[in-house]
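Chemist: The residues making up each chain are set out below.
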Amino acid sequence: MIFTIAARELRSLFLSPLAWAILAVVQFIIAYLFLSQIDGYLLLQPRLAAIEGAPGVSDVVVAPLLADAGIVLLLITPLITMRLLSEERRNRTLSLLFSAPVSMTEIILGKYLGVLAFFGVMIGLLALMPLSLLAGTALDLGKLAAGLTGLVLLVAAFAAIGLFMSSLTEQPTVAAISTFGLLLLLWIIDWAGASADQTSGLFAYLSLLRHYESLLKGLFNSADVLYYLLISILFLGLSIRRLDADRLQH
Amino acid sequence: MQKPVLVHVEHLTRYYGQTCAVKEVSFELAKGEVLGFLGPNGAGKSSTMQMITGNLAPSAGSVTINGIDLLDKPKRAKHEIGYLPEQPPVYRELTVDEYLQYCAKLNRIARGHVGKAIDTARERCGIGEVRHRLIGNLSKGYRQRVGIAQAILHTPAVVVLDEPTVGLDPIQIREIRTLIRELGEEHGIILSTHILPEVQATCNRVQIINEGQLVFADSVTGLEQRLNATSLIAGFHAAPDAATLQQVDGVTQVETLPDGRVRLHYANTDPSEALIAQAVASGWRLYELAPERRTLEHIFIELTCSDEPAGDPAVAAR
Chain Y
1131 MIFTIAAREL RSLFLSPLAW AILAVVQFII AYLFLSQIDG YLLLQPRLAA
1181 IEGAPGVSDV VVAPLLADAG IVLLLITPLI TMRLLSEERR NRTLSLLFSA
1231 PVSMTEIILG KYLGVLAFFG VMIGLLALMP LSLLAGTALD LGKLAAGLTG
1281 LVLLVAAFAA IGLFMSSLTE QPTVAAISTF GLLLLLWIID WAGASADQTS
1331 GLFAYLSLLR HYESLLKGLF NSADVLYYLL ISILFLGLSI RRLDADRLQH
Chain G
61 MQKPVLVHVE HLTRYYGQTC AVKEVSFELA KGEVLGFLGP NGAGKSSTMQ
111 MITGNLAPSA GSVTINGIDL LDKPKRAKHE IGYLPEQPPV YRELTVDEYL
161 QYCAKLNRIA RGHVGKAIDT ARERCGIGEV RHRLIGNLSK GYRQRVGIAQ
211 AILHTPAVVV LDEPTVGLDP IQIREIRTLI RELGEEHGII LSTHILPEVQ
261 ATCNRVQIIN EGQLVFADSV TGLEQRLNAT SLIAGFHAAP DAATLQQVDG
311 VTQVETLPDG RVRLHYANTD PSEALIAQAV ASGWRLYELA PERRTLEHIF
361 IELTCSDEPA GDPAVAAR
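The listed protein sequences derive, respectively, from chains Y and G. Quick note on this note's numbering: the first sequence kicks off at 1131 and runs consecutively. Quick note on this note's numbering: the second sequence kicks off at 61 and runs consecutively.
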């Protein structure tokens, strides 16, 4: 049942020009960033070769590329997730799901999986760029895998937040702007701590960015993974509650 | 009453904040019945239907579908319900076939039966020729039919249709009404409308709801008895005065209408024959005589506009 809903969600996404446009734009921007990183690496290479234990192509090209991809995805996630529930509510198609023998949890998980599948496609396409370096050089595949895992986890958290925002409103644009606001806030929340003399541990912990950085360095820390999973589960739970509340009081 | 009871609603109540939208509504629906739900705008028709279909949680009361409590076991109960809301819940970007396939899976129709179920529903609703078209490009009438197809796809025990004929042309309305009557043979149907002749044409039971309360519940035959004539309209070229007409057998009251015709009220015996005989004998030059039937509108207005609701609420006299 979850997969039925997920499949329809994915289908509807690809039936709209929005998904294709987003895929194309993201691919173009990441490709441009990738090229400029490679350019920079080629300039640095003679000097790097002289240093013992200098950072390799995985550190100089791949890690910054994935870090940039994280920011690009933060910008476009609201556009993908905004329609998930708000549009169903607006077009009154939610009652189809409500009167069918499916639970709220199945509806939310179906929607979530559908949108994750879309991001899976996108990240798959992005991963092809660093992988293409394999044709000319050796890569630290472990580092790349850790970075990609980080990106997937990051996007999973983004999508859960977007889904929740979409469940709150009838207007897709409102959902988009609130998702964007919350994501950006969670991204920069540790700046407040960093500028002061004593760094605030809580704010730093809450920041979406911090946990991603350590994964990009190739550190697969279960605390970071758990952080993303907790964020995702929290917002999925909230979405289920919110959808259930639709039937209760207006 | 030997027929199995499909829907059992008891003391259904729903508040929106302080406003009470539905108040203590109770009724039953048996197999093979088409129940018409009538009421002015904002009377609580849609809220009641949303509660029966699990789209809205009631503040109090219980709903039992085919013996399964909707609140306790929503999944199993919803299996037995097909629902067409006021706006058909269709995805505009899908084709009719894709949409029905999605609905079939959503309603857990076994993989092997999906094709057949879709074929049947498509045929019944007459949407075979638009099966490959996008729903967004269909006319309102076809979209409505796709909505009905979706509601009957999984052959539920109960089909709930919220104003199914709104926005259709007269031919489509007739087709949909025929379809509803056909469906009523195998399913239990609840239908809401504010078009009164529709109830007479399709339903075999009527319930009128006003301000959240049931104010009338009867069979259509019972309703029609209430519609029976108790007055005649007569036109004379040489009208006698009211006192003379009063003398005619059975006439209890005479009322002269502005256009010169008269309305004759009677209680038990129909005075038509006596009137004609006397008109001929006395040379009143009768040119028009018509029994006046009370329409459903009259009863409707009488029930819903009076300060105190008449009739016996919540008693399904069958």
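Source of the hints: derived by calculation from the structure; they are not laboratory data. A quick note: this is a predicted structure, and the numbers were derived from the prediction, not measured. Mixed in with the good hints, there may be bad ones.
[Said to hold, decoys possible] With beta-carbon atoms standing in for the labels, derived distance ranges: (1) 197/G <-> 1371/Y: 36 to 46 Å; (2) 172/G <-> 1144/Y: 20 to 30 Å; (3) 1222/Y <-> 358/G: 44 to 54 Å; (4) 1222/Y <-> 297/G: 36 to 46 Å.
[Claimed, not checked] Computed footprint of chain Y on chain G; a stretch qualifies when at least three of its residues, placed anywhere within it, have a C-beta under 8 Å from a C-beta of chain Y: (5) 177-185; (6) 323-331.
[Said to hold, decoys possible] Looking from chain Y toward chain G, a few residues come up when the C-beta cut is under 7 Å (computed): (7) 1138; (8) 1140; (9) 1142; (10) 1145; (11) 1147; (12) 1235; (13) 1261; (14) 1266; (15) 1301; (16) 1303; (17) 1357; (18) 1377.
Built from N, CA and C at the ideal position, the CB exists for glycine as well.
Chemist: Does each hint hold? Answer for all of them.
Modeler: Okay, the hints, checked on the actual structure:
1. 197/G <-> 1371/Y: 36 to 46 Å: The hint (36 to 46 Å, Cβ to Cβ) holds, given that residue 197/G and residue 1371/Y are roughly 37 Å apart.
2. 172/G <-> 1144/Y: 20 to 30 Å: holds (28 Å)
3. 1222/Y <-> 358/G: 44 to 54 Å: violated (35 Å)
4. 1222/Y <-> 297/G: 36 to 46 Å: violated (59 Å)
5. 177-185: Violated: only 0 residues of the stretch 177-185 of chain G have a Cβ under 8 Å from chain Y.
6. 323-331: As far as the stretch 323-331 of chain G goes, the hint is violated, because 0 residues have Cβ atoms under 8 Å from chain Y.
7. 1138: With Cβ-Cβ at 5 Å, under 7 Å, it holds.
8. 1140: violated (12 Å)
9. 1142: holds (6 Å)
10. 1145: holds (5 Å)
11. 1147: violated (11 Å)
12. 1235: Violated, because the Cβ-Cβ distance from residue 1235/Y to chain G comes to roughly 11 Å (cut-off 7 Å).
13. 1261: Result: violated, 34 Å to nearest chain G Cβ.
14. 1266: Where the cut-off is 7 Å and the nearest Cβ of chain G is about 43 Å from residue 1266/Y, the hint is violated.
15. 1301: Interface hint status for residue 1301/Y: violated (18 Å vs cutoff 7 Å).
16. 1303: violated (19 Å)
17. 1357: violated (34 Å)
18. 1377: holds (4 Å)
Of the numbered hints listed earlier, those contradicted by the structure are 3, 4, 5, 6, 8, 11, 12, 13, 14, 15, 16 and 17.
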